[in-house]
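Chemist: Sequence:
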Amino acid sequence: MFRQFYIAATGMNAMEKDLVTITNNVSNVKTTGFKKSRIELETLFPQILEEAVQDAETTFEKGLVELGSGVRVVGTPKDFSSGTIEVTNNQLDVAIQGEGFLRFQLPDGSIAFSRAGNLHKDSDGRLVNINGYPMDPEIRIPDTATNVLVTTTGAVYVQEDNQVTQSQIGQIELVKFVNPTSLKSVGGNLYVETAASGMGR
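Here the sequence shown is numbered in the UniProt record's numbering, starting from 1 and rising by one per residue.
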């Protein structure tokens, strides 16, 4: 009897995690750059029993009876496909179509990656994300800049006071992974490399 309760409990636990994942996806539907997750399940190792089986000639042979042991969650991979692109009229905002991640430097010097392109300029003129983490490599916008243009290839141009032409000040580089669904989420729409994701290139 206790075995039945245990198997039922594994199913309830899996469904609870599925509901939590769905709720989190719905709660972040308006979060810029948010990527929804899904639940992946697998059956637990079954219990194999031997049972005597009678054939047509009334001889007995041992057969196998497989009893299920329940289910468990084995992963919650992210869906990194391109989302809906919205026009913000902010000349520093960028959107990624296709594969790739923006690269940011965290306070401890490590690197994190994001699909969220809602950028702005900090007090030092650096292009930073919503949490204030600067892009890597660093891009600085002069205080004298009157116009900023980010091309479809990621080149960043500025036009300064009393200048007719624009000059390039940096290049936004995209990083790709062999297995991006294995990146580790660290919050703030940021991810870090894992052994399973491979190194960004």
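You may find that some hints are simply not true.
[Stated by the list, open to error] Heads up, simulated DSS-like pairs for lysine-lysine below, C-alpha to C-alpha not over 25 Å straight-line:
id, residue 1, residue 2
1, Lys78, Lys184
2, Lys17, Lys30
3, Lys184, Lys36
4, Lys78, Lys121
5, Lys176, Lys17
6, Lys121, Lys17
7, Lys17, Lys36
8, Lys78, Lys176
9, Lys30, Lys78
10, Lys30, Lys184
11, Lys78, Lys36
12, Lys17, Lys184
Source of the hints: derived by calculation from the structure; they are not laboratory data.
Chemist: May I ask which of the numbered hints given earlier this structure violates, with the numbers listed in increasing order?
Modeler: Result: hints 4, 5, 6 break, sorted rising.
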